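If you read the sequences in order, they're chains A and B. Anchor point for the first sequence: position 68 equals 68 in the numbering used here, and the numbering is continuous, going up by one each time. Anchor point for the second sequence: position 23 equals 136 in the numbering used here, and the numbering is continuous, going up by one each time.
Fair warning: there could be bad hints in the mix.
Stated by the list, open to error - Only pairs whose alpha carbons sit at most 30 Å apart, straight line, appear in this in silico DSBU-like list of lysine-lysine:
1) A:11 x B:225
2) B:191 x B:168
3) B:222 x B:168
4) B:191 x B:225
5) B:191 x A:57
6) A:70 x B:229
7) B:191 x B:222
8) A:11 x B:222
9) A:11 x B:191
None of these hints come from the bench; they were simulated from the model. Predicted model, so just to flag it, every value in this text is computed and none were measured.
The residues making up each chain are set out below.
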Amino acid sequence: DAGITQSPRYKITETGRQVTLMCHQTWSHSYMFWYRQDLGHGLRLIYYSAAADITDKGEVPDGYVVSRSKTENFPLTLESATRSQTSVYFCASSEGGVYYEQYFGPGTRLTVT
Amino acid sequence: AQTVTQSQPEMSVQEAETVTLSCTYDTSESDYYLFWYKQPPSRQMILVIRQEAYKQQNATENRFSVNFQKAAKSFSLKISDSQLGDAAMYFCAYRSPPGGSQGNLIFGKGTKLSVKP
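The following block holds chain A by itself, in its conformation from the complex (with noise of 0.2 Å):
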């Protein structure tokens, strides 16, 4: 199916463990993000990528890597899981130039114990 798609859905791991929030989209935008959200914080921006093999830090990298070998992955990983990146992970899609808006995946639910 055509759109942006994330995978897994939830996932449940233990700190020290390294986790990969996979994203996915058919539309060959040129910008994809990755996000978190957290309650009381909104949505706040982990990392981004303008193209395949160019990603720039965002708000909050810390413990995060990402990598963008194909124009349509954009995949997130956390190297040693904390606590404190229990959150709500979404992954987003842009075509840039003149279409700014963004288009969202489903989220993944990311507990961390």
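Assemble chain B onto chain A, guided by the hints.
Leaving out everything else, chain B in the frame of chain A:
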């Protein structure tokens, strides 16, 4: 750095009535974009309406309209004829034009809207 403030953590409206959600922002840029997103219990982020800063005319999408006051840096959302399906979290967001290190959305903390039957 740009900031977005939503001063109303929660709002309530009677079905079929009108409600206005407030949003203010701080920026030194003259060219930018503003958005309202809706997040129902499903968690899906849904774009409600957008406004380009260079346009003086307020954006309208069916029952949703904005009051954009550029000098006051205010961007409120008006929902007319409220429906039960409008109950959700509403987020105001700011975005600079893409390019360089800009282009990402900066969100307010959200306003939870309840609709009473």
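If you draw a straight line from the CA of residue 191 (chain B) to the CA of residue 57 (chain A), is it 30 Å or shorter? violated (34 Å)
Tell me if the straight-line CA distance from residue 11 (chain A) to residue 191 (chain B) falls inside 30 Å. violated (37 Å)
Pairwise hint evaluation, residue 225 (chain B) against residue 191 (chain B), where the allowed Cα distance is 30 Å at most: holds (14 Å)
For a C-alpha distance cap of 30 Å, please report whether residue 191 (chain B) and residue 222 (chain B) respect it. Roughly 18 Å separates the two Cα atoms, so the pair holds.
Satisfaction of hint between residue 168 (chain B) and residue 222 (chain B), Cα-Cα up to 30 Å: holds (25 Å)
So if I understand the rule, the pair passes when the alpha-carbon distance is 30 Å or less; does residue 191 (chain B) with residue 168 (chain B) pass? At roughly 18 Å apart (the allowed maximum being 30 Å), residue 168 (chain B) and residue 191 (chain B) satisfy the hint.
Quick one, are residue 11 (chain A) and residue 225 (chain B) close enough, alpha carbons at most 30 Å? holds (26 Å)
Holds or violated: residue 70 (chain A) with residue 229 (chain B), Cα cutoff 30 Å? Roughly 47 Å separates the two Cα atoms, so the pair is violated.
Can the restraint linking residue 11 (chain A) and residue 222 (chain B) be considered satisfied, given a maximum Cα separation of 30 Å? Cα-Cα ~24 Å, so holds.
Checked against the numbered hints above, the structure breaks hints 5, 6 and 9 and satisfies the rest.
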